[in-house]
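Undergrad: With the sequences and hints as input, model every part of the structure.
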Amino acid sequence: MLVTEYIICMLIYLNTNQNSCKPQIIEKVITKKNWKLKNFGLRSPVGLVYNQPSALVSRTDVASVTPWLAPIVWEGTFDSRVIDSIYKQQNITIATTVFALGKYTRFLKDFLESAEEHYFVGFRVHFYLFTDQPEEVPNVKLGQERYLTVKTLPSMNRWQDISMSRMEILEKLIENELASEADYIFCLDVDTKFYGRWGVESLGRLVGVIHPWFFNVPRFLFTYEHRPKSQAYIPAGKGDFYYTGAAFGGSLKDVHNLTKTCREQMNIDTANSIEALWHEESHLNKYFLYNKPSKLLSPEYLWRDISMSSGSVKIIRFSHVAKNNAEVRPNL
Numbered sequence: 001m002l003v004t005e006y007i008i009c010m011l012i013y014l015n016t017n018q019n020s021c022k023p024q025i026i027e028k029v030i031t032k033k034n035w036k037l038k039n040f041g042l043r044s045p046v047g048l049v050y051n052q053p054s055a056l057v058s059r060t061d062v063a064s065v066t067p068w069l070a071p072i073v074w075e076g077t078f079d080s081r082v083i084d085s086i087y088k089q090q091n092i093t094i095a096t097t098v099f100a101l102g103k104y105t106r107f108l109k110d111f112l113e114s115a116e117e118h119y120f121v122g123f124r125v126h127f128y129l130f131t132d133q134p135e136e137v138p139n140v141k142l143g144q145e146r147y148l149t150v151k152t153l154p155s156m157n158r159w160q161d162i163s164m165s166r167m168e169i170l171e172k173l174i175e176n177e178l179a180s181e182a183d184y185i186f187c188l189d190v191d192t193k194f195y196g197r198w199g200v201e202s203l204g205r206l207v208g209v210i211h212p213w214f215f216n217v218p219r220f221l222f223t224y225e226h227r228p229k230s231q232a233y234i235p236a237g238k239g240d241f242y243y244t245g246a247a248f249g250g251s252l253k254d255v256h257n258l259t260k261t262c263r264e265q266m267n268i269d270t271a272n273s274i275e276a277l278w279h280e281e282s283h284l285n286k287y288f289l290y291n292k293p294s295k296l297l298s299p300e301y302l303w304r305d306i307s308m309s310s311g312s313v314k315i316i317r318f319s320h321v322a323k324n325n326a327e328v329r330p331n332l
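Residue numbers (full-length UniProt numbering): 1 to 332.
Just to be clear, a hint being listed does not mean it is correct.
[Stated by the list, open to error] Restraint-style ranges between C-beta atoms, simulated for each label pair:
1. A322 x L48: 23 to 29 Å
2. A271 x V82: 31 to 37 Å
3. I274 x A322: 42 to 48 Å
[To be verified] Cross-link-like lysine-lysine pairs, in silico, BS3-like; alpha carbons within 27 Å at most:
4. K229 x K292
5. K151 x K141
6. K292 x K314
7. K253 x K172
8. K193 x K323
9. K260 x K295
10. K151 x K323
No lab work stands behind these hints: they were computed from the structure. Quick reminder that beta carbons are idealized off the backbone N, C-alpha and C, glycines included.
TA: Take a look at the structure:
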């Protein structure tokens with residue numbers, strides 16, 4: 001049979017059997033996360049009066065920008081009047097998570113009361129508290145547009161398990177409840193207290209807080225995970241900053257990706273019978289090394305202890321409180 005005759009026959013066959021030859025169209029519903037997004041342009045209200053900024057004068061004792069041009073927020077690097085007036089127009093909601101299991105419930109009262117005084121004052125904040133003792137949650141009076149949701153978790157025998165489980169819990173919380181409800185999220189430790197302003201100057205797409213023990217030391221002293229077997233592995237000589245696992249945040253989409261990635265990496269470590277040196281903090285540092293934060297908060301936003309000398313830290317906004325780890329942690 002000639003080629004032309006073959007083609008003609010095939011066309012006749014396809015035409016007469018078009019019903020059987022049509023490909024079946026299978027409807028596939030793809031559900032995309034409906035992240036709550038707004039136009040976050042930095043629009044300043046007309047008539048706002050503030051001091052003239054200078055391109056020549058700034059703090060000279062600290063770095064205020066990273067090599068990838070992310071700002072590092074210190075006292076003296078922002079004007080609260082300007083930045084508050086910009087974000088006030090945007091009607092934003094800041095979700096904030098905190099975990100208080102076992103004896104850590106004792107820190108809740110100071111945390112919540114000090115947050116009412118200093119944390120995103122004048123903005124809508126929704127606290128999500130995870131605890132195994134809901135009956136121990138103190139009755140703290142919250143201000144207008146300040147909310148507290150208590151979620152019950154089972155008790156855990158190891159403080160390391162409590163620490164590492166947070167990533168998966170945060171991932172699911174964002175997926176199931178927060179994606180269309182909040183604009184930003186911060187994840188904070190409970191054994192802390194606010195002493196000064198923590199406001200909208202801290203907001204960004206992906207926000208890391210520089211660890212108060214490592215902000216002024218060379219990176220060979222950073223306590224990264226250096227075992228190649230772990231998914232948190234960072235080679236010697238690598239790394240930008242050492243970030244604390246006690247405070248981090250950003251947009252819902254970016255924090256969801258962070259928590260999901262860290263959870264997946266920790267699951268691989270568990271399957272390989274290895275636990276990173278500093279648990280989820282080690283995985284957080286690995287994530288931030290390859291997914292650079294868009295904004296860094298100085299150790300003002302998480303200090304070691306309010307009673308300790310702060311040196312170049314001019315103001316302590318948020319700090320761990322003194323405690324006996326052996327007394328409050330379940331397996332020490």
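Undergrad: Confirm or reject each hint.
TA: Checked hints:
1. A322 x L48: 23 to 29 Å: 41 Å, violated
2. A271 x V82: 31 to 37 Å: Between A271 and V82, where Cβ atoms are some 49 Å apart, the hint is violated.
3. I274 x A322: 42 to 48 Å: This hint is violated: roughly 32 Å between Cβ atoms.
4. K229 x K292: Holds: K229 and K292 sit about 23 Å apart, inside 27 Å.
5. K151 x K141: 18 Å, holds
6. K292 x K314: 26 Å, holds
7. K253 x K172: 12 Å, holds
8. K193 x K323: 12 Å, holds
9. K260 x K295: Status holds; Cα separation ~20 Å.
10. K151 x K323: 25 Å, holds
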